Amino acid sequence: GQQVMQIPQYQHVQEGEDFTTYCNSSTTLSNIQWYKQRPGGHPVFLIQLVKSGEVKKQKRLTFQFGEAKKNSSLHITATQTTDVGTYFCAGIPGGSNYKLTFGKGTLLTVNP
Amino acid sequence: EAEVAQSPRYKITEKSQAVAFWCDPISGHATLYWYRQILGQGPELLVQFQDESVVDDSQLPKDRFSAERLKGVDSTLKIQPAELGDSAMYLCASSRQGDGFYEQYFGPGTRLTVT
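Line order of the protein sequences matches chains A and B. Be aware that the first sequence starts at 1, since it is given in this note's numbering, and climbs by one per residue. Be aware that the second sequence starts at 113, since it is given in this note's numbering, and climbs by one per residue.
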């Protein structure tokens, strides 16, 4: 079936280092949403990208949507311990009935 | 800030027993979702309601799972009988509309352990 793949599954960084997670689909995505889930918490919406090649920034977070709308990335500059959590991408694969499909997420841990 | 409410937060049950989870979405949100999240995985949609109608239950194991949203507000998800493999976090979420372009607000979840 249609899937939204995320890599890496885990990433451990030293505080202050940068972090990037990638989201890929075999089909064109109508949109990409990014969520963050803190340990023991629930997913919280971060942002949505809709346009081809779109780039959005939230403080130290930069989100990109690929030109072909098949991939996306989330980049965190100078990680902090508050960035710890699992980052999920979710998108509507082409041809689906508007069902938002979540990736498996990337777990980020930050060593202070 | 309005939040999605869920209860109970934790549930331990023996296999073959029945369990029920409750969700109260953010007021005014027409769309309600039930997700199952296994540790280390992303949320998997079980059922999606638009008001009181089911619009997607393709991944709901209908032989043992049922869901209702009778008045188009709060919702109940039931499992009968529970199996060991049902142990997971059950998340409820709501959004203004259900076309996939609206952000979803998640509740705190119910962690189910089946023994």
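To be clear, the hints were calculated from the coordinates, so they are not data collected in a lab. Being a predicted model, the structure only gives us computed values, none of them experimental. Note that beta-carbon positions come from the ideal geometry of N, C-alpha and C, so glycine has one too. Warning: the hint list may mix true and false statements.
Each computed DSS-like pair below joins lysine-lysine, with the alpha-carbon atoms no more than 30 Å apart [unchecked claim]:
#1 K104(A) / K183(B)
#2 K70(A) / K51(A)
#3 K127(B) / K51(A)
#4 K51(A) / K183(B)
#5 K99(A) / K123(B)
#6 K174(B) / K99(A)
#7 K51(A) / K104(A)
#8 K127(B) / K190(B)
#9 K57(A) / K174(B)
#10 K104(A) / K36(A)
#11 K183(B) / K99(A)
#12 K56(A) / K99(A)
Not the full set, but computed from the structure, chain A residues with beta-carbon under 7 Å of chain B [as the list claims (entries may be wrong)]:
#13 P8
#14 Y10
#15 Y22
#16 H42
#17 P43
#18 F88
#19 I92
#20 P93
#21 L100
#22 K104
#23 T109
Covered stretches of chain B, going by a simulated chain A footprint (3 or more residues, C-beta under 8 Å) [stated by the list, open to error]:
#24 131-141
#25 146-154
#26 177-191
Hint numbers contradicted by this structure: The structure conflicts with hints 1, 3, 4, 9, 13, 14, 15, 20, 23, 24, 26, although it agrees with all the remaining ones.
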